[in-house]
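**Student:** So the sequences go chain by chain: A and B.
The first sequence begins at 1478 in my numbering and counts up one residue at a time.
The second sequence begins at 440 in my numbering and counts up one residue at a time.
The hints are simulated quantities; they were obtained by calculation from the structure and are not laboratory data.
Quick caveat: nothing in here was measured; it's all calculated off a predicted structure.
Glycine is no exception: its CB is placed at the ideal position from the N, C-alpha and C atoms.
Treat the hints loosely; a few may be bogus.
Simulated DEER-style distance windows between Cβ atoms [stated by the list, open to error]:
id, chain 1, residue 1, chain 2, residue 2, range
1, A, Thr1490, B, Asn496, 38 to 44 Å
2, B, Ile492, A, Gly1517, 28 to 34 Å
3, B, Ile492, A, Ser1505, 25 to 31 Å
4, A, Ser1544, B, Ser508, 42 to 48 Å
Residues of chain A placed beyond 12 Å of chain B at every Cβ, according to the derived structure [what the hints assert, rightly or not]:
id, residue
5, Val1542
6, Arg1545
7, Ser1546
8, Lys1547
If you want the footprint, here are the derived chain B segments under chain A, 3+ residues with CB under 8 Å [as the list claims (entries may be wrong)]:
id, segment
9, 475-489
10, 539-546
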Amino acid sequence: DAGITQSPRYKITETGRQVTLMCHQTWSHSYMFWYRQDLGHGLRLIYYSAAADITDKGEVPDGYVVSRSKTENFPLTLESATRSQTSVYFCASSGPLRGYNQPQHFGDGTRLSIL
Amino acid sequence: DQQVKQNSPSLSVQEGRISILNCDYTNSMFDYFLWYKKYPAEGPTFLISISSIKDKNEDGRFTVFLNKSAKHLSLHIVPSQPGDSAVYFCAASPTGTASKLTFGTGTRLQVTL
Chain A
1478 DAGITQSPRY KITETGRQVT LMCHQTWSHS YMFWYRQDLG HGLRLIYYSA
1528 AADITDKGEV PDGYVVSRSK TENFPLTLES ATRSQTSVYF CASSGPLRGY
1578 NQPQHFGDGT RLSIL
Chain B
440 DQQVKQNSPS LSVQEGRISI LNCDYTNSMF DYFLWYKKYP AEGPTFLISI
490 SSIKDKNEDG RFTVFLNKSA KHLSLHIVPS QPGDSAVYFC AASPTGTASK
540 LTFGTGTRLQ VTL
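For reference, chain A alone in the conformation it holds in the complex:
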């Protein structure tokens, strides 16, 4: 089915470990985004990408790394996980028209717990 999928849906890991969250979309959207949702903060933008090989920081990028070698995939890596990164992570995409306002469409999220 077309859409945006995130994996895994749930993940438990330990501090200091590296963990990668996957995001895949089938719409050929040019823009992709990573957000985290925490109580009292709503959704905050971590990183976004305007196209393959183009990425930029959002509001809370520290401790995260992204890459986008293919248009459809936008993985998010926590290089050395910390407890403060326990959160629900959402991937989103929009487009395909660059420069035009388009609503973002979200995946169902990854709930990440760091012990």
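Model the placement of chain B on the given structure of chain A, informed by the hints.
**Tutor:** Here is chain B on its own, set in the frame of chain A:
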């Protein structure tokens, strides 16, 4: 610094009545506004949007009003239905940064029978 604010964490409305959710923003560069609905364990779902060149946009039971001078927007749901019970997020995007959104903290709407 919260640039998009939803000051009511929760709202309870009877089925069939009007639900009014409010959102305030501080950044004058915002020119595109959206509302998303979110159910537990799911991602946010786009509901309705409005550009700053308009003051009202309607889609079925949902209407969004924008008051640029007051930097305020509201979402009206008429009539409210039990399936509307969810968390509603207001979001805003500034000029020239297509799709880069700033979200409010959300309002939990409960529609009672």
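**Student:** Look at each hint and say if it fits the structure.
**Tutor:** Hints versus structure:
1. Separated by about 43 Å at the C-beta atoms, A/Thr1490 and B/Asn496 satisfy the suggested range of 38 to 44 Å.
2. The hinted window of 28 to 34 Å between B/Ile492 and A/Gly1517 holds, with their beta carbons roughly 33 Å apart.
3. Range check, B/Ile492 to A/Ser1505: Cβ separation about 28 Å, and the 25 to 31 Å hint holds.
4. For the pair A/Ser1544 and B/Ser508, the supplied restraint of 42 to 48 Å holds, since their beta-carbon distance comes to about 43 Å.
5. Against the 12 Å criterion, A/Val1542 stays outside the reach of chain B, whose nearest CB is about 19 Å from its own CB.
6. Residue placement check: A/Arg1545 keeps its beta carbon more than 12 Å from all beta carbons of chain B (closest about 15 Å).
7. With a closest Cβ-Cβ approach of about 21 Å to chain B, A/Ser1546 is found to remain outside the 12 Å limit, as its non-interface label requires.
8. The beta carbon of A/Lys1547 sits about 19 Å from the closest Cβ of chain B, which is more than 12 Å, so the claim that it is off the interface holds.
9. Counting residues of the segment 475-489 of chain B whose C-beta lies closer than 8 Å to any C-beta of chain A gives 8; at least three are required, and the coverage claim holds.
10. Residues of the segment 539-546 of chain B with a Cβ under 8 Å from some Cβ of chain A number 7, which satisfies the need for three, so the listed coverage holds.
Of the numbered hints given earlier, the model fails none.
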